[in-house]
Amino acid sequence: MKAIEAVEQNQLVERPDIRSGDTIRVHVRVTEGEKERIQVFEGIVIGQHRRGTGSTVTVRKVSFGQGVERIFPLHSPMIDRIEVVRSARVRRAKLYFLRKLRGKAARMRERRRR
Amino acid sequence: MVTGIIGQKIGMTQVFGTDGAARPVTVLKAGPCVVVQRKQADRDGYEAVQLGLVEDRPARVTRPVAGLYARANVPPTRVRREVPLDGRSDAPAEGEQVLASLFAAGEQVDVTGISRGHGFQGVMKRHGFGGGRATHGSMFHRAPGSIGQSSYPSRVLKGMRAPGRMGGDQVTVRNLRVVTVDAESNRLVVTGAVPGAAGAYVVIRRAVAPRREPAAPPVDEKKKKKR
Chain W
1 MKAIEAVEQN QLVERPDIRS GDTIRVHVRV TEGEKERIQV FEGIVIGQHR
51 RGTGSTVTVR KVSFGQGVER IFPLHSPMID RIEVVRSARV RRAKLYFLRK
101 LRGKAARMRE RRRR
Chain U
115 MVTGIIGQKI GMTQVFGTDG AARPVTVLKA GPCVVVQRKQ ADRDGYEAVQ
165 LGLVEDRPAR VTRPVAGLYA RANVPPTRVR REVPLDGRSD APAEGEQVLA
215 SLFAAGEQVD VTGISRGHGF QGVMKRHGFG GGRATHGSMF HRAPGSIGQS
265 SYPSRVLKGM RAPGRMGGDQ VTVRNLRVVT VDAESNRLVV TGAVPGAAGA
315 YVVIRRAVAP RREPAAPPVD EKKKKKR
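Taken in order, these protein sequences are the chains called W and U.
Numbering-wise (the numbering used here), the first sequence opens with residue 1 and increments by one.
Numbering-wise (the numbering used here), the second sequence opens with residue 115 and increments by one.
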């Protein structure tokens, strides 16, 4: 297994420590024809898939009343950077229950970070 | 020049290309190998070299085989495979080393190995038969169905696909792209899957019929960024 880790080593990008319940801002590189620009997707982390290079985060936001979820490969070169905006106190790793809640019910209590 | 090398499958992972696409890759331990025997046209009828894979564990060989190794002046190896020569440059002499540096990144290779054994399997898994409906009282689920006609020919035609042992066959996967070559640690990374389970022995050879499509974008060897 050591050789696999060696291959994956230079694939890893340093990303902030993200936890479920965090509100994060993901800066995604978007290529439109020739031009490349950065698009920001801000939402709450409702799940993580921790698999080394293959790690992903599921980010959910409500856009114009419509719930939108995106799954980002954490170490993808298409992700310029990630900022942690806020952190909420949550008691489970996967926050799928948020999908059924909206508005006031979907509020979360702030967690003090470190 | 030697056209191939013996290796061992280590496992699979993924790498990101510069275009951001994640590509599945297989990590192989390729070599180091030694030339155990040189096959010559005038003596053996064809040109090739027999390679041995040098491993930590020494091999226990019979006296006749030990003689073969003694002549090449190399310690006995557990695995021996023959690879053809390309005839472009001088063939290596017996006892000479063959390393992963044989290949370059971006090159296409064929990988031959023994596929995973699946045991006794039915026709749906083994041959991709459609099977029948699962519900609505079909009464025909995973069975092979008819295997021929009646009075003529009164026998089952040879080669009829039937249930049986699946896997454990020699399989060659062609035109896998070499992503990285690390001759120092004998590591080779190729795109896609390779036959066998992790730890399986494989032969990696230069592609016999390489595809002419443009090479996949190079892998992003990105620098670590602080955030």
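In short, the hints are calculated from the structure, not lab data.
Check before you lean on any hint, since a few could be wrong.
[Stated by the list, open to error] Straight-line Cα separation of at most 16 angstroms, EDC-like style, residue types lysine to aspartate or glutamate; simulated pairs:
(1) W:35 - U:133
(2) W:2 - U:196
(3) U:153 - U:196
Here is how each hint holds up against the structure:
Of the supplied pair hints, the one linking residue 35 of chain W and residue 133 of chain U holds, its CA atoms being roughly 14 angstroms apart against a limit of 16 angstroms. Straight-line distance between C-alpha atoms of residue 2 of chain W and residue 196 of chain U comes to about 29 angstroms, which puts the hinted pair past the 16 angstroms bound. Among the hinted pairs, residue 153 of chain U with residue 196 of chain U is consistent with the structure: their alpha-carbon atoms are about 9 angstroms apart, no more than 16 angstroms.
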